[in-house]
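K.L.:
Below, each chain spelled out in residue letters.
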Amino acid sequence: MVSKVKQPLINFGTGNLQAAGVRLAQKAETAPGAGDLLPTPGNGLERVPLNSHADVLFGSSALLKSRGRTYEVTDKTDPVLRHWQEEIEKVARREGLDPFPTRYYVMDRDTLISTTARTGFPVRYNHWSFGQAYQDMLLPQKHGHSNLYELVINTDPTYAYLLNENPLYAQKLVMAHVAGHSDFFRHNMTFRETNRGMLNRVGDNAMNIRHILDHNENVTFEEMEKFIDRVLSVQWLIDLSEPKPRPIKYEPHHLRKSVEVASDYGKIDDEGYPAHIRERLNSSERLTKERQEELERMETKANKIPHEPEPDVLAFLIENSPALKPWQRDVLAMLRDESYYFAPQIKTKIMNEGWATFWHHKLMTEMPELVDHEHATDVAAMHSRVIAGQKFNLNPYQLGFYMFKNLKEAWDKGRHGDEYEKITDYETRKNWDTKENKGLEKIFEVRTLENDYSFLNKYFTKDVAEEMAMYTWDPSVPDYWNKRQQVKLTSRDYKEIKQRMLNMLENGGQPLIRVVDGNFENRGELRLEHVHSYDLEWGEAEDTVTNLRDLWGRPVHLDTYQEIDFLKEVPPYFVQIMNDPNWQASLPPESIEKLEKILKQRLRIKIRLTGDKDGGSGPSKPTYHALDENGKVIGDRARIERMRKEKLAEINRELEKWQREYLWK
Amino acid sequence: MEVNRFNSTYPPSRLAFASTASRASGAESVPAEKSEVRPGHVSLYDKGGYKLSASLRFGMDPDLKRFEDIVKKKVREDLKKFISPDNFETVSGGKKIRIPKPNIKIPTFRRGGAPQGGVGSGQGNPGDTIGQVGKDGQPQPGKPGEPGDEPGEAGEETGDHDRENSGITISRSEIAQMIMEDLRLPNLQPKGSANIIEESIKFTDISQVGAMVDKRATLLEAIRRTTSEVVDATADDVVIQPEDIRYITWETDQLPQHNAVIIYMMDVSGSMGEEQKKMARTASWYLSTIIGQQFGEMNAELKGQVAGEDSFGDGVEEVFITHDTEANEVSEEEFYSTTAGGGTKISSAWAKAEEIIKQRYNPDEWNIYIYHYSDGDNWGNDNQDSKEIIDRLLPVVNSIGYIQTTSAFGSGEFQNFLAETYGRNDRKLRIAHIENDDADDYKDAVYEMLSEREDSN
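For the protein sequence lines, the chains are A and B, in the order given.
The number in this note's numbering is simply the position in the first sequence, starting from 1, with 1 added.
The number in this note's numbering is simply the position in the second sequence, starting from 1, with 14 added.
Just chain A, same shape as in the assembly (with noise of 0.2 Å):
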């Protein structure tokens, strides 16, 4: 059951601000501390201790009702929504799922909107992105392209905002979605680890932003947000393998340097030696020299960091980087927490919506209690809006409802395991059914052990691609004739799809840079690596490693590869050949194979980016090398180009030599 949290209620006949504050204050007065102020009877000031982020900032519900515009519901403020709460809450629990407590805050649009911005968190620092981020929904708000129902963040108690404007049915089928949210946030491994008490910790990094702000002299506003922007420009660099930050290990640069060496240092008795023997064994010279030599080498070994890859980029930097001052390297460390907060969160988004979904669908349209027959159809409709496929894109929603529902259904009527799987009639596997009758259990087990990549991966089938009509697309090859890029579906083969959506998520939709040397060269810069399974987006990798550069401060080296393919360089028919059918007609099956091997040829190269010029002291862009294949430098951007041109003239000569033998017999 729902315990019910005691809220901070402060009741005001006058929904007047200023003078509700003037009224405590002056109440404050004659009651020395706050726990005092107790409600006095009469006068309806009552009263209880705040003990959040979120009651500050959103007041309390009655005040905020008062303004007609936040407030929680409770059973003063909306009687009839928390009655709705409390029974959808009970009837969720009958059914299995165990979310936490749940409170609700009714708000209107535009705050909704702002919320969201910020990912749900009333209190975040201030930086322009949101700023961005709260105008770009607003468009699409506006014109009732998109609708936004609810957000929830996943806390103890969780939060959930709802739309003032939705209709009772739809603030029904809401908190019904966010039970299976709040379930799937307490229930889920991904998430064992997260801190429940996100919203008072995010409140307070927004604060000590705000003092290091309002209290370092050295600190101006300009410099705090620049800060930022390099920290949010690589904030995904953490370990997403981990549900939880490992901790720091910290260790101040110049301490780490202060290697002891005695100062007597081969030093040997020399008692009872002749003179010029002692002078020869300890001469000065040669002591300084070889305590030189062993300082340097301590140190050496010292800095040998990190002793292994490590793709925890954020913490690598709060340890070892000698540029941060003291205050960045707070607010690395908060925004690092940050980013361990939401991680989780982006490696389930499709099981959390699918599973949300599944159980709005389930409560809203099973359960006697919940249903709503006036609203029936506009129930099904706003739920297949929420599940509507899209053309060029997953809709999380779509797929984990599908793929949740498939599976219990699977499980339901053991639709699973070798024997089902080897069926291929269409008839006998519609009618299979051996009432097994394990689906719920299945999918509760599901829920708690899978994230998006292993769901997929294990549970992605056949029949949830065909449900869905799911398909891949590729742009196909500008030709002869299309010299726009044309949008092609290209396969239904739902092995395909798959693989296509497990690329997708590798590392959370990430890619993958670890740290492998903290002193490349012995120099102090920094060398990372791209664990290459896809290139990266040469743009902005040049300006992330810029700012990694500058969070360094010493130069920074990411090694990754370079994937050339030269289908839109080679003379555009032979890609006309190789995709129309007439000429495949035309021509020997093994010909048309051959032209594709041809055409399909890519130029792997090992690129380093070096970014090590001062990016504060106007732009500069990484310089790129060429290396071989143990790393070292062949040569600079002329040599990828040539490297480059040499290939391209050696399928132009393939080409040639396939048309002699094919196209001109």
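Simulated from the structure, these hints should not be mistaken for lab results.
No residue lacks a Cβ here, since even glycine has one placed at the ideal position from N, Cα and C.
One or more of the hints may lead you astray.
[As the list claims (entries may be wrong)] Okay, the calculated bits of chain B under chain A, using three or more residues with CB under 8 Å as the criterion:
1. 76-82
2. 117-123
3. 134-146
For this one, chain A is given, so just place chain B on it according to the hints.
P.N.:
The following block gives chain B in isolation, referenced to the frame of chain A:
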């Protein structure tokens, strides 16, 4: 005690974005207004230097404002780089421009490389074309060539936020000031001190006789009369009688004004391509912007008004002449779109300019600026003819500019001819050349045209 914790750790002034913003702008931070906070009270809602509003409560407003500032700053940076007028539209009668919002984003490491495919859902068979790749590299529905598949055709949109979203509005005065500051250009000096007297109409008074009815005054008079005649009059009692009618009277005021005309001339012979015209258009736009702002400001000062975005272009006219072997006066659109063929006779344009000046722009009353764009190819003996006309024009104009837009076919010898004849540092005859559509070239050209020079004579 929780409340005390908040009160002592987070005083309201720290929440106020204003205090940090003012520091950022270099101003002394304003001490937070002494708040009425007393111990024990959570003061976040109190007036610790900021006004309570819903969006501030969520800390949104400052971020949105900051973002908009950043966007505007970015636009200004772009404009300083002499971006082509094709990239924006002029609004408010040419006094302002609206420029699309620049794409501002925080760079991250992300997937790039070869054009990517994806996964979707819907109808279709393998091999079907289901859309096309848009300009932004993202797929979009529609087949190539179909109308309405271009991005950015979102339709007519109104409303404050929409306008904000669709672009940034900047006045041309501001652009001119920015560029002049950037290039350290001096203010333009009007020719002589002779100010042209211009008649302007000032509505000064309301009287019972006249020609133009002042509806507001008339109605007021009717109401006044009715209320004095009728007890407890209502709106229905008000009937306008002939004696209520009031007229506006005006005086003609004589105001000093500097007039200026900019004569743009362009070679449209076969060797001048689209590229060259684009360069001419960009250069002209910025020249007009600066001259328009300068004269607007001068005239506003003369009239005792405050110079601002509205005074832009006050008293400035533009004339456009195209020529190959003969010259024509054309409209601005024609100027940038006409293509002729054939040879080049530069003197024809100069003759035309001289004719127009004689007919319409008396040099005693007008400040005259002439700018000529060509790739410099001229018929052999025509250089000498041109020189004769230029020699006649030079004493009466403020400045003559020859801007050579380099083309693959132009020899550019007219520039050399002018440089040999008048020298490169002549005060009135300015020579520049634009090689590429590139900020530095425009900067150089505009600087050459408008910078300060000592009289060489």
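K.L.:
Indicate, hint by hint, whether the structure satisfies it.
P.N.:
Verification of the hints:
no. : hint    : in the structure
1   : 76-82   : holds (count 7)
2   : 117-123 : holds (count 5)
3   : 134-146 : holds (count 13)
The structure is consistent with each of the numbered hints, conforming to all of them.
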